[in-house]
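**Student:** Chain by chain, the residues run as shown.
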Amino acid sequence: MPCGLFFETYQKDESIFPTLWLRVWMIALGIGLLVFPFVAQPISDWMGMNTLNMVNLIFIYIVGAHGLNLLTGYTGQISLGHGAFMGVGAYTAGILANMGWPFWLALPMAGFMSAAVGMIFGIPSLRLRGLYLAIATLAAQFILDYAMRNWSSLTGGSSGLLVPSASIGDFTFDSDFKFYFLALAIAILATLYLKNITRTRTGRAFVAVRDRYLSAEVIGVNLFKYRIMSFGISSFMVGISGGLWAYYITIISDEHFTMWLSVQYLAMIIVGGLGSVLGSIYGVVFMVALPELLRLPAEALTNVYPDIFVIFSSLREMVFGVIVIIFLIFEPDGLAARWHTVRAYWKLWPFSY
Amino acid sequence: MQDFLQLIVTGLVIGSVYALVAMGFALIYKSTSIINFAQGEFVLVGGYICWWLYTMLGIPIVWSFMLTMVIAVAMGVVLERLVLRPMIGEPIISVIMITIALATVLKSLVTILWGTQIKVFTPAIFSQKAIHMGPILISEVYLWTFGFAFLFLGVFAAFFKFTRVGISMRAVANDQQVAQSMGISVKKVFAISWSIGALVSAVGGLLVGNINGINITLSDFGLKVFPAVILGGLDSIGGAIIGGLTIGILENIMGSYLDVYLGGGVKEIAPFIVLIIILMVKPYGLFGIKEIERV
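So the protein lines, in turn, are chains U and W. With this note's numbering applied, the first sequence covers 980 to 1332. With this note's numbering applied, the second sequence covers 247 to 541.
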């Protein structure tokens, strides 16, 4: 019996799901995800919250978090503007939908519009790195935020923009239950895309740019091309996420796409794990579920301390900040790495040598 | 023309506070190479603590002022030790994110403790009486703010130039390893940088608090600091001061002349448009040191 994972052919080594158990678990997960919406109602009743809504939001954010992880985790470019890029996608989808464009055309357009905007603000990344790039994207966030708020003839300003529900042909995704399958499909597509792009020439170029860009350039990786490309793909994904969000919530206002959203996105991929596909999923689940789960103890505390809901949103922000700090100090590689250590420990237990 | 002068003068006053906060920011960056997104929250905390001591507890202003400074210094030291020191040597993204998280915690803590309404220093410390200076009308509190801001800028400029601690800080900024081998405690210098950074920001907070009252938007000062330091060059303290003053004036002028065309609120983003332009044209600012990379 082998005491570890040993691949005997290249084909085995390169497969996406290398072991039998992994494949079994993936199939189980797939079945679970398909069955979940049918049993969501009792679960929601039991937990006292709308779990289907939460899972839909998780799917939407997974698409965006994958995008940011590609840029920040794989290519090493920091972006503090992804909240605004998501907004660009949401508004593009919303405006096109109101002009009568069908869903299946408006959603990709949302992605392309976001990609265009993201690439424009990504141009400084050629000359700027690290700190400077973070500051440049921060400025992008504020400028786009301002445009969304003040260009009211286009975006509806602070009163918001109404968006019809998504529909393909005669079928309309107008409930949490129906939307679930749409969001699930797109989240799976995004995950597969990210998993695969990191195994291609492009993905390896991204990682080379992140790890040592001077050496990368010396061996012939075109820095400018790959940085801009990374910005483009990343903003495309976050734009799709924004478009989905618009179709799901059906009313867009600028208040959602502030700096806070950008920070949340970054927190998701940091808590989950930078440069890891599973990481962004863990991070999103953690960050979306956390405020919902915090609400339960808060409700329990209302008897003792009735004012708790007044400060609840501040309390939530504080918990958020503390969690990010704790992760950065004690587990900078995120939940994905933690899961990896736990699994590695048990894999060959008790003879792990 | 008179309006224009008026705008320049009021911009200069706000700019002097920007300069003060930017100096703290540049100082922290220069000696610890940490970019501090929580600088604005230091402003916020400083303003609130001074207001609390003065208005709620009724401590005379001189003592509240002193106490605020002491608390700010303590806060800087504690945060450096607990949160920032583990981040030495970590990638930039982690360092940026930890200061953002710190900012979130400080801001929500302030909201939990003191709510979100505007707080006013009562009784007012400086009078709002308007003074004529040639064609310009300026209220007394603006003059005091400007005076105090410059006093602190001057004191700290002298501190870096002449005192032993200041010189050791510059040595650390220059080369940490060499400084350490010369017997300078780098850890101590880090702590001092953070406490001075917190102190000048807190002073900025209570100065601005006297003009418009204090509320949660005071933390926006921390964001306006970025254009200021980028304009001056991230690692130049003199540059930060000049950058702060320039951004104060620029945002005032752009705000009042462009609002008509762009529908209000230009003042909020004008500094960031300037920031993007500087980054495209001259990324290391006016006085920053160019990074040269060799393979």
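No lab work stands behind these hints: they were computed from the structure. Hints are supplied without guarantee of correctness; some may be wrong.
In silico DSS-like links for lysine-lysine, alpha-carbon gap of 30 Å or less [unchecked claim]: (1) K528(W) with K1204(U); (2) K276(W) with K433(W); (3) K365(W) with K433(W); (4) K513(W) with K375(W); (5) K375(W) with K365(W); (6) K1204(U) with K433(W).
**Student:** For each hint given before, does the structure comply? Return the numbers of the non-compliant ones in rising order.
**Tutor:** 3 and 6
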